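Participant: Here is how the chains run, residue by residue.
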Amino acid sequence: MQLSERHREYWRRNLRVTLVLLAVWFTVTFVPVFFARELNEWSFLGWPLAFYMGAQGSLIVYVLIIGYYARVMNRFDREYGVNEDV
Amino acid sequence: MPQRQSAFYRQLKKMYAWYAGGFALFVVLLSLAEGMGMSSRWIGYVFMFATIALYAGIGVMSRTADVSEYYVAGRRVPAMFNGMATGADWMSAASFIGLAGTLYFGGYQGLAFVMGWTGGYCLVALLLAPYLRKFGEFTIPDFLGARYGGNAARMIGVFATILASFTYVVAQIYGVGLITSRFVGLEFEVGVFVGLAGILVCSFLGGMRAVTWTQVAQYIILIVAYLLPVVILSTKLTGVPVPQAVYGGVLQKLTTTEQTLFSSPREVEVNAMYKARAEAFDEKIKGLPASLEAERAALTVRLDELKQENASAKDISSAEKALKYMPRDEADARKRWTEARAAAIAKSAPPLPHTAAHAGRDEAESSRKRLNFIALVICLMIGTASLPHILMRYYTTPSVKEARESVFWSLFFIFLLYVTAPAYAVFAKFEIYTNLVGSTISTLPGWVASWGKVGLVKIEDINGDGILQLAELTLNTDVIVLATPEIAGLPYVISGLVAAGGLAAALSTADGLLLTIANAMSHDVYYKVIDPNASTQRRLVISKALLLVVALVAAYTASLKPDNILFMVGLAFSIASSAFFPALVCGVFWKRANKAGAVSGMVAGLGMCLYYASLTHPFFGGSIANAWLGIEPISCGFFGIPFGFVVLVIVSLLTPAPDTATQELIEHLRYPRLPHDRIDPPPARNPGP
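Sequences listed follow chains A and B, in order.
Under the working numbering, the first residue of the first sequence is numbered 1, with each subsequent residue one higher.
Under the working numbering, the first residue of the second sequence is numbered 1001, with each subsequent residue one higher.
Keep in mind that the hints were calculated from the coordinates and are not lab data.
None of the values given here were measured: they were computed from a predicted structure.
Fair warning: there could be bad hints in the mix.
To be verified - In silico lysine to aspartate or glutamate, DMTMM-like type, Cα no more than 25 Å apart, as pairs: (1) B:K1275 / B:D1332; (2) B:K1013 / A:E84; (3) B:K1591 / A:E38; (4) B:K1134 / A:E41; (5) B:K1369 / A:E41; (6) B:K1591 / A:E41; (7) B:K1591 / A:E5; (8) B:K1134 / A:E79; (9) B:K1369 / A:E38; (10) B:K1253 / A:E38; (11) B:K1134 / A:E5; (12) B:K1013 / A:E79; (13) B:K1253 / A:D85; (14) B:K1134 / A:D85.
To be verified - What follows is a list of derived Cβ distance ranges for each label pair: (15) B:I1285 / A:F44: 31 to 39 Å; (16) B:V1549 / A:F26: 36 to 44 Å; (17) B:A1197 / A:E9: 51 to 59 Å; (18) A:F44 / B:Q1537: 37 to 45 Å.
For every residue, glycine included, the Cβ atom is placed at its ideal position computed from N, Cα and C.
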């Protein structure tokens, strides 16, 4: 079938959100690991920073990334009329 | 239909609230019974049989003969419940029992598992789950078959599914055998088959539907069992019942303790004695085979002397034992002495500080450790986003919207365990370093002896001072979670609860995996390839028969106690990621990806991954000396994934683009609803669970 311009815009915005969130995911995963020795010089609430990120900080960001994606995409669905519950 | 779904949701919440309350009451009653003198053996029995009977009951109640119910639980599982089921499906015996121990020994380096096993869900959420739900068939090979046309991609998908899932399921059944043999005192082999019965009653009668509702029940037990002991331990140590928030302070104290402990004179003395022992074994290995004969002769002489001197019976019998258990031949001696040398070397220096990141003797070793950490994280994350038994769960939600929300709930429920595991390790380490180490060996707490009996704790007073030094204590990784209730001084009923939690973790993962394997064979091989005209009834009969066969083969394999089980599980992640990830992601995001590209990309990725593992792991006759960039064999996906991507892209570009039907399928996947979408079949009549 032929997709409308609205449909294409929906997909472009989806791609943009996906890419931004992947960049956040990449940053909170690999930056603290790569610079772990340097970051461990800093302390966060008693934890050395790199240890904190690996044990807790990055994990919290992962949960937020997925929650944010679900919210934003469910809103896009309605905005562009591709939501299922009609 | 939405009203029916929300009534169903309310009903589910009510049922599981009652269930959780009932379970709490059950634990309270058991602890009262313990107070009145119920033996720990019986507590173990009651916990094991009551929980298995419960899972079986849910399985029987959810029996079904409907194809959609059997394969995808009727696609009616609300986001939150699918999240719990995914959590139980995901967290295996290794996560529940092994992870805290891995973190205890590995410190910072162990966090690769914590990050890898959670961060992968970002990839599931952003790249796969909503699109697979829109696709809305039954299995992962289904997707490959539809997107890339023909049977080639589907069959490679089936092969990789079975390869990745089978080793994994063997490890779960092995875990069931361990838990039942340790807590209930059954024979390992008997325990394996008891656990198998528990797995089968769930998946056999009701397929995905029964497995889903059992997994929700199992999640509740496993998370309570994991959190309760460490919450109590945290309250004891810090006065705050939120271990995840306060263990930073304990970690600081632990770091100070480590500094004084590692440099204390007695510890240094013991390290030096182990170093001497390692050198002695080194000499003996170099002197083979003459050294073996010399040792045998020396022991014989010593035994004769003892007998002539009329030495005590104890001395004589220990000398006889030493002679009896001498290595049989040169190969045996080499193997055993090399192991003994490695054990002594490990104790010849203090362990690394808990928070030390990528610590090595020199810069090269440090950066190799860092690269391996990164490679492992990549393989675990991408493997998470490729394991069929996890991806399959997102077929079961009512809509794309709920699939997205469901990944959020999945990670949230998984997060609760993974964020607690490092706290477990730190609390246990602090207790052991401050209270256990330095006390007299004759007055050690009871758990040391009771876990010593099953070989998980070993103590050797090498310097003979009657006081326990850190290096004189050998702990198995599993003991950290299993013994924490006793370390915290809790009644045995909590230990029983932990065992029930471990059992739930192993059974739920095994359920999901068995179903995945059986479905790949019955749906993808039998129905889609061999006999597309098979009746519904016949398909389900075939599926159930295969389930039984796979379960028996897996249990038999587990009962042989294969050596390299942990390595094989790690390998499953690399295998799944190399075979599936490029084809799945390009299938959604790159319209130009075609059949030739996907098939060759999957074969190339999988082939590279297996080639690298065989090159570097002794299990396949390889050696780590062959490694590229020093990457460990467990992370072989580090090469397999990019290679799979490159081959997929190049071959796709060299061959014609996919036809319009395929292009339309891709567009169909990308939008939760398009005007021409076909409507999903209405949900079945009888609501579960």
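Participant: Run every hint past the structure and note whether it holds.
Facilitator: Evaluated hints:
For the proposed pair K1275 of chain B and D1332 of chain B, the alpha carbon gap of about 23 Å is at most 25 Å, so the pair holds. This hinted pair checks out: K1013 of chain B and E84 of chain A have alpha carbons roughly 24 Å apart, not beyond 25 Å. For a cut-off of 25 Å, the pair hint linking K1591 of chain B to E38 of chain A is broken: about 43 Å separates their Cα positions. For the hint linking K1134 of chain B to E41 of chain A, the alpha-carbon distance of about 47 Å lies beyond 25 Å, and the restraint is violated.
Our distance criterion of 25 Å between C-alpha atoms is met by K1369 of chain B and E41 of chain A, whose separation comes to about 19 Å. Taken as a hint, the K1591 of chain B and E41 of chain A pair is broken in the structure, with Cα atoms around 47 Å apart against an allowance of 25 Å. For the given pair, K1591 of chain B sits about 18 Å from E5 of chain A by alpha-carbon distance, which is consistent with the 25 Å threshold. For the suggested pair K1134 of chain B and E79 of chain A, the alpha carbons sit about 19 Å apart, so the restraint of at most 25 Å is met.
Taken as a hint, the K1369 of chain B and E38 of chain A pair is honoured in the structure, with Cα atoms around 15 Å apart against an allowance of 25 Å. As the CA atoms of K1253 of chain B and E38 of chain A are separated by approximately 21 Å, the hinted pair is consistent with the 25 Å bound. Note on K1134 of chain B and E5 of chain A: the hinted pairing holds, with a Cα-Cα distance of about 21 Å set against a maximum of 25 Å. As the CA atoms of K1013 of chain B and E79 of chain A are separated by approximately 31 Å, the hinted pair breaks the 25 Å bound.
About 54 Å separates the Cα atoms of K1253 of chain B and D85 of chain A, which puts this hinted pair outside 25 Å; it is violated. Proximity of K1134 of chain B to D85 of chain A is assessed by CA-CA distance (about 14 Å); at most 25 Å being required, the pair is judged to hold. The beta-carbon spacing between I1285 of chain B and F44 of chain A, approximately 47 Å, falls outside the hinted interval of 31 to 39 Å. About 43 Å separates the C-beta atoms of V1549 of chain B and F26 of chain A, a value consistent with the hinted range of 36 to 44 Å.
Range check, A1197 of chain B to E9 of chain A: about 55 Å between beta-carbon atoms, so the 51 to 59 Å window is met. Look at F44 of chain A against Q1537 of chain B: about 60 Å separates their beta carbons, and that is not inside 37 to 45 Å.
The structure fails to meet hints 3, 4, 6, 12, 13, 15 and 18 from the earlier list, while all remaining hints are met.
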